[in-house]
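Visitor: The chain contents come next:
4 protein chains.
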Amino acid sequence: METLQPSTEIANAPTKPVAPQIAVAGVSGYAGGELARLLLHHPALSGTRPIFLGRAGEAEVGPSTSLEALHPYLTAPGHHASTPVFPFTWNRIVDAGTKVLFLATPHEQSREWVPEAIERGIKVIDLSGAWRLQETRNRDVYRLTDANPKLAAELQAEAVYGCPELHRDAIRSARLVANPGCYSTSMILALAPLVQAGLVDIDHGIICDAKSGVSGAGKAATAKTHFMYAADNLSAYNVFGHRHTGELLEQLHLSADQIQFTPHLLPIPRGILATNYLRLKQSTDSSTISAVFSNFYRHSPMVRLYPSPQLPQIQHVVRTNFCDIGFELASDGKRLVIVSCLDNLLKGASGQAVQNLNLMCGWNEQEGLL
Amino acid sequence: METLQPSTEIANAPTKPVAPQIAVAGVSGYAGGELARLLLHHPALSGTRPIFLGRAGEAEVGPSTSLEALHPYLTAPGHHASTPVFPFTWNRIVDAGTKVLFLATPHEQSREWVPEAIERGIKVIDLSGAWRLQETRNRDVYRLTDANPKLAAELQAEAVYGCPELHRDAIRSARLVANPGCYSTSMILALAPLVQAGLVDIDHGIICDAKSGVSGAGKAATAKTHFMYAADNLSAYNVFGHRHTGELLEQLHLSADQIQFTPHLLPIPRGILATNYLRLKQSTDSSTISAVFSNFYRHSPMVRLYPSPQLPQIQHVVRTNFCDIGFELASDGKRLVIVSCLDNLLKGASGQAVQNLNLMCGWNEQEGLL
Amino acid sequence: METLQPSTEIANAPTKPVAPQIAVAGVSGYAGGELARLLLHHPALSGTRPIFLGRAGEAEVGPSTSLEALHPYLTAPGHHASTPVFPFTWNRIVDAGTKVLFLATPHEQSREWVPEAIERGIKVIDLSGAWRLQETRNRDVYRLTDANPKLAAELQAEAVYGCPELHRDAIRSARLVANPGCYSTSMILALAPLVQAGLVDIDHGIICDAKSGVSGAGKAATAKTHFMYAADNLSAYNVFGHRHTGELLEQLHLSADQIQFTPHLLPIPRGILATNYLRLKQSTDSSTISAVFSNFYRHSPMVRLYPSPQLPQIQHVVRTNFCDIGFELASDGKRLVIVSCLDNLLKGASGQAVQNLNLMCGWNEQEGLL
Amino acid sequence: METLQPSTEIANAPTKPVAPQIAVAGVSGYAGGELARLLLHHPALSGTRPIFLGRAGEAEVGPSTSLEALHPYLTAPGHHASTPVFPFTWNRIVDAGTKVLFLATPHEQSREWVPEAIERGIKVIDLSGAWRLQETRNRDVYRLTDANPKLAAELQAEAVYGCPELHRDAIRSARLVANPGCYSTSMILALAPLVQAGLVDIDHGIICDAKSGVSGAGKAATAKTHFMYAADNLSAYNVFGHRHTGELLEQLHLSADQIQFTPHLLPIPRGILATNYLRLKQSTDSSTISAVFSNFYRHSPMVRLYPSPQLPQIQHVVRTNFCDIGFELASDGKRLVIVSCLDNLLKGASGQAVQNLNLMCGWNEQEGLL
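Note that the protein sequences, when read in sequence, are chains A, B, C and D. Using my numbering, read the first sequence as starting at 1 and increasing by one per residue. Using my numbering, read the second sequence as starting at 1 and increasing by one per residue. Using my numbering, read the third sequence as starting at 1 and increasing by one per residue. Using my numbering, read the fourth sequence as starting at 1 and increasing by one per residue.
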């Protein structure tokens, strides 16, 4: 996997006329619904029809399920036909000539299906956590088993972490993109520029206090997604133990004692705000920090930087694919608070997945995302 | 069952010193939790310890369950012992010398347990719908089966509908109180005074548009209690078909074509607001209507009347046992809008149940409820 | 003003290449922000730059105000220039060659500015209530004064009520479009088909119980828009007295005693749900009613009809320009409940305004709105 | 002011029969309303009638204002008289024989009124920030001016910081209690035990990431308390600059570079959760930390401690006077996360004020607060 160095150019070539056949598996969840919405309105895909499929063994998707039944807000105007959703089969995917497959499936299924897709010559953008981490850590965190461990290890090594702001060039030519976690994206984009610039006293320890809306917990009805649990409430969870921590360690090249991350459940449908606390090696001024951010993201249309001391808020990013970043520096010039925000279903999931598709297809990175 | 006529006096005798042993079955739900809270702080019960039990076969209640584990907000100050919750057994209830049993259980369980309790000489306040309706309608609506149909029919005939504002005297001497539904209470209290006074053109039809917070849907995690379904949303449901309609018909002595009720799910934890539309037989002025309300509720401390055109709001009643009522009359003096509000877990459930307990024990009706 | 008869065809001509110069006054409010967002992303306007202006004497709009400062969520990607917002002057509008002016201004300002714009040859789409009602009623409801009463009366008579589903043809050639109220749109679209078909017993009286999110109350910070007032609450207001009632009367050709409408304030940011109660002249079946709706809206891409007994919800329409409609019929075949939903800032304001622009420009009605 | 050492006993003497006359100024705000509610239901005050007054020059309080008009949720049952609220005058307070005056007023007014009350022999519990900080810092933070600087300085030195868990004994005999800030209470109670025990590496720096509901921002209708700003949002504010920071420094005996605190605005009506990050001097185990907390709060009925790794949530404390505290320790035994929660209007304001009243009157500390 490449280094943290951001890629140095942005594709501005005119969008190509011929679009590849797209398939989406796992369309019934929240990320799947948003992915369907984005693909159905994507200008470069206007001549094609993506195929939408369920997960393996999903009761909700039968022989005559429609996208509208799963996500009523996606109902097309009255005169248009409904969009079918099929039970998952490889035949359906292969027969349609699928070139790129999105997996919005649980990590166990993604772990099983990615090798099958790649062997069939189909590129994959996987929204689960199954392929985001290096081999050893991945086993520890997700405890996945592989039918063909050797192939899985090779694919794991080949997988590109789908954060365009860090790995733009590698994504362009990837066969397998591991789409980042929602929390991880918000923290990595806040921290990467200064960590990469060597300005951060990483041994002092970085603290990320992150808060997410309930859609991040998924569509399953559980005690914690019950309205009565989440509404008018705030709770911390998985302190020292959230799975996204591994992505921070690998993408920022940190050890486990150099960063800690506490997730909280916010009483809102969507959006993440991360308040990131770090100490600089030496006293610095705000304009230097601004310059580091601006330079790092100079080719990244999906990151919006705020002039200090303005700070982003969740409302500014909800229903967009932007990650907004602002910061405030203490009077000692060393203690720094960086606030980052994104929509967990868009820049934290489906929007970023489409951003990766755009890169893989040679289209403008922001195509269909503004 | 007695007529609609409100009872004519309010008990103001000093609270008696000896309190009966109380038991509560089904304490794990929202109504059960609120009931426990009210009983633990009830002045007349300060010398006793109510027994708290689960439902039949409830996995959540094991041999060492505490009230605090089920409802963390009920945790006592650090120095106090925790309050045990026992699996349901008759032995536990009988051995403690229980005199009054609250059932905050599903209607199937209440239907089964009430005859057993009564036969053991234990009075029951049942919060389910099992005993609220007359025999025939009850079978149609709840489709319950009885081990001893004859006894059940007798108890059904004997059961008192636990709305103190309508049946105060009967409740005082009841063995079985059927605690009203939350929606029904809000609408019956809004409509009873004018219907009883003969002022309403009931053949024109009464329309009740009612809206409830999510706690009304219960603690089970379902697609409809998911935060993502309920938040930022409003939906109508069970149009023409909600079970509480039967209570309206019986308590207001109306036929099914004379009243209709549409429930809606509000994106709030608790509270009901009902907007009730009716037409008066002849043109009337606001002061006449006010007088009817004031007279009807002159002995009812739990109903607060608003001077027209002031209207109650959900926030005014949440976490109280009040039902607030206001109205506005059209310039024709005939079209009337009555707005009523209550907290569905208190006046709509557990608070009203304690109000009934107070009457059954000869205490002040509002004891422990202000 | 034309009759209720829906227009009979839908424009499917290819979008024309040359777009007119657009200006928007009053861009700082919620409707203004959504209007800016829609126009900036409108495919037919991609070659133009709309001009954005404040209201008269607005402190919030100074010489260097940007759209991003007023509406941070509209911030463009980092590499793009910010969008200026100018203090309102006629010179600015005229010098740019403006052909169509949107007014998202208070009704007093719209009343003053519309004659000035029309006299300068500029067409107007006015989002306020200033020009929606016929002369006499308008004076009663809005109490507006005119510099040139004769001209104002002529314009009032000429103004087209901007509901495309009712007045599509007249909008195409209008100089002045009075964009409908948010509440009114939700109720008129629910009721017009059956009223127009003569099926409704209008003398029995129609009752509309409508609920709106807080954005409908505008951006001014008041006691009623305070979070602490609106959150976890529901309140009825302006019973028998809401200004939008006049639109119902005129568009549905009803008298004041034939319809009543009660607005409620919902604890959500946006969305309206109206529960409409009416009685049919004679017993009817659901399929007949469905057929009336389907036929009435056969050329209307922005209305989505639900098969009975499915009902729309606010979440299905928020952030869309759709009005969703469903109904349920009582077993007597006469009592009917129609539920309609829309986003008050889109189909209830700015989206409908763009729909009207599309018609006035000869574009597809749904252009830029899907 | 005394040291951090907690007091060593809890008053269990029976409540005395004679209650002092109480007055409350500033009853129209949120804290004032909650204070009125608590005092009206306080068992030890059942024989008295507290006097309720407005702020200086408050338009909302006229000659015939009632508590119910200011706070409709406080409306008494129908048969009871309404509770008057008077414009503020010293005569009203003195003539009634007031012994204890609560000030729920802006800090400028509290600064002016406290000396006047003390000189009249009236004890004060001040809920503003005017008297919480030592002389020099106070001037820097609140920029207050004094009519009699010498007297003000003496009173400032005499004022007791009204946190019973830290200053129980001093509060009992205080003439002037400076009731703590809401944020400060949540963080001080989380941090004091371990800081006092000398276990914390304070030079490493303590980070407090705190989140508060909107009632903390007060009743004034502003852009930031607008429902549309606060709902579905989260925002950080006053980074490195919140006024409550001074309380942390003084009560925990820390310097400004040893602790930082970031407040956030939560989309909920009430409740604060603080996530506190600190590093221990040496590797420690959870049971040692638990023991420190248990010992520190062994006489404090209003603090509830959670067994690690259980953590409190806002819902557990809302509408209670408890501060709930839990923690989780990293596997290195050094990095510690302490989560604390309280209701900003109760333990963070009015509840704590009544707790202080109880101590000053020799009553049980929790009287009227359970």
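Hints are computed from structural coordinates only; laboratory data are not their basis. Any given hint could be a false lead.
Said to hold, decoys possible - Pairwise CB distance ranges (calculated):
| # | chain 1 | residue 1 | chain 2 | residue 2 | range |
| --- | --- | --- | --- | --- | --- |
| 1 | B | Asn91 | D | Ser66 | 48 to 56 Å |
| 2 | C | Glu158 | B | Ala220 | 55 to 63 Å |
| 3 | D | Thr284 | B | Ala220 | 22 to 30 Å |
| 4 | D | Pro309 | A | Lys281 | 31 to 39 Å |
| 5 | B | Ser290 | A | Gly218 | 47 to 55 Å |
| 6 | A | Asp201 | D | Glu154 | 53 to 61 Å |
| 7 | C | Tyr237 | D | Ser66 | 18 to 26 Å |
| 8 | B | Asp257 | C | Val292 | 22 to 30 Å |
| 9 | A | Arg143 | D | Gly241 | 41 to 49 Å |
| 10 | D | Arg120 | B | Lys224 | 40 to 48 Å |
Stated by the list, open to error - Derived DSS-like pairs (lysine-lysine); straight-line CA-CA distance at most 27 Å:
| # | chain 1 | residue 1 | chain 2 | residue 2 |
| --- | --- | --- | --- | --- |
| 11 | D | Lys99 | D | Lys123 |
| 12 | D | Lys281 | A | Lys334 |
| 13 | D | Lys281 | A | Lys281 |
| 14 | C | Lys219 | D | Lys123 |
| 15 | B | Lys99 | A | Lys219 |
Idealized CB from N, CA, C, for every residue including glycine.
Visitor: Each of the hints needs a verdict: does it hold here or not?
Guide: For each hint, the structure was consulted:
In this structure the hint that Asn91/B and Ser66/D lie 48 to 56 Å apart at CB holds, the actual value being about 53 Å. A C-beta distance of roughly 58 Å is found between Glu158/C and Ala220/B, which places it inside the suggested range of 55 to 63 Å. Judged by the Cβ atoms, the range 22 to 30 Å given for Thr284/D and Ala220/B is violated: they are separated by roughly 42 Å. In this structure, Pro309/D and Lys281/A meet the distance hint of 31 to 39 Å, their C-beta atoms being roughly 33 Å apart.
For the pair Ser290/B and Gly218/A, the supplied restraint of 47 to 55 Å holds, since their beta-carbon distance comes to about 52 Å. About 45 Å separates the C-beta atoms of Asp201/A and Glu154/D, a value inconsistent with the hinted range of 53 to 61 Å. The beta-carbon spacing between Tyr237/C and Ser66/D, approximately 22 Å, falls within the hinted interval of 18 to 26 Å. Roughly 23 Å separates the CB atoms of Asp257/B and Val292/C, a value that falls within the hinted 22 to 30 Å.
Our hint of 41 to 49 Å for Arg143/A and Gly241/D holds, since their Cβ atoms are close to 45 Å apart. Taking 40 to 48 Å as the suggested C-beta distance range, the pair Arg120/D and Lys224/B does not conform, at roughly 60 Å. With a C-alpha separation of about 6 Å, the suggested pairing of Lys99/D with Lys123/D holds against the 27 Å cut-off. Taking the CA atoms of Lys281/D and Lys334/A, the gap is about 22 Å. The hint holds against a cut of 27 Å.
For the given pair, Lys281/D sits about 22 Å from Lys281/A by alpha-carbon distance, which is consistent with the 27 Å threshold. Pair hint Lys219/C plus Lys123/D does not hold up; C-alpha atoms about 43 Å apart against a cutoff of 27 Å. With a C-alpha separation of about 45 Å, the suggested pairing of Lys99/B with Lys219/A is violated against the 27 Å cut-off.
The structure fails hints 3, 6, 10, 14, 15 (numbered hints given earlier, in ascending order).
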